[in-house]
Amino acid sequence: MAAVRSALLKHLRLTPPSIGGSPHHPPITPSLSLVIRRWFSEDLKGSFLDKSEVTDRIITVVKNFEKVDPSKVTPNAHFHNNLGLDSLDTVEVVMALEEEFGFEIPDNEADKINSISLAVEFIASHPQAK
Amino acid sequence: MASRPKLSGLQKQVLGLYRGFLRAARSKGPEERQRIESIVSAEFHQNSKNIDRKNFLQIEYLLRRGKKQLDQLKSPDTVGLSSFTFSQQ
Chain L
1 MAAVRSALLK HLRLTPPSIG GSPHHPPITP SLSLVIRRWF SEDLKGSFLD KSEVTDRIIT
61 VVKNFEKVDP SKVTPNAHFH NNLGLDSLDT VEVVMALEEE FGFEIPDNEA DKINSISLAV
121 EFIASHPQAK
Chain P
131 MASRPKLSGL QKQVLGLYRG FLRAARSKGP EERQRIESIV SAEFHQNSKN IDRKNFLQIE
191 YLLRRGKKQL DQLKSPDTVG LSSFTFSQQ
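Chains L and P supply the protein sequences, listed in that same order. If you're matching positions, the first sequence starts at 1 in this note's numbering and goes up one per residue. If you're matching positions, the second sequence starts at 131 in this note's numbering and goes up one per residue.
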């Protein structure tokens, strides 16, 4: 459903640039610049979250995780080395982050997140994070 | 950066399955969800401790079994999950 909707929106939004084809905007590589413009403006409009806010929220989530000693949670903490979590626990943490930020992290990305700083980096650069 | 060696394919499959179960649990009622999560979490953690990491045959068997169970759990008709525990002597 969401996919259909976004596909439709993208399609509909193809028109304005061609109609309002502003003269002060030289078409460099039309398709590419369109894609980039759409990618950064409309779909994902201003939805990148502030890094420090993301850090705070992630730290709160991790501190609430029952197997973690809250005093050990720092912005640089590594899930395994510093917090003593195994890979299964890490899956749980990342799933909790998904819920906190309201979007789904695909498996191959989720497998790479093994520290708070990596989680911050990924979520802050993810446009759908809320 | 990575202090642990990269995850093996089999490990990724197991983690993916675990993620699948946790996602499926989200679609159930809050009470059931918690029950499912605690059962699933306990089983995965227990197996991760009890099964030798080189015992591919058994891990693969459990993966297959888990996938089937996950498919069942995903069905909207399935509302919950329960487990038996046998006391070990």
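Calculated from the structure, these hints are not laboratory results. Since we're looking at a predicted model, the values are computed, not measured. Each hint should be verified, as a subset may be incorrect.
Listed below are the simulated DSS-like cross-link pairs for lysine-lysine, each with C-alpha atoms no more than 30 Å apart in a straight line [what the hints assert, rightly or not]: (1) L:Lys63 x P:Lys184; (2) P:Lys179 x L:Lys63; (3) P:Lys158 x L:Lys112; (4) P:Lys204 x P:Lys179; (5) L:Lys130 x P:Lys184; (6) P:Lys184 x L:Lys112.
A few chain L residues that face chain P, going by a derived Cβ cut-off under 10 Å, partial list only [what the hints assert, rightly or not]: (7) Ser52; (8) Asp56; (9) Thr90.
By construction, the Cβ of each residue, glycine as well, lies at the ideal position given by its N, Cα and C atoms.
Those earlier numbered hints the structure runs against, lowest number first: Violated: hints 1, 5, 7 and 8.
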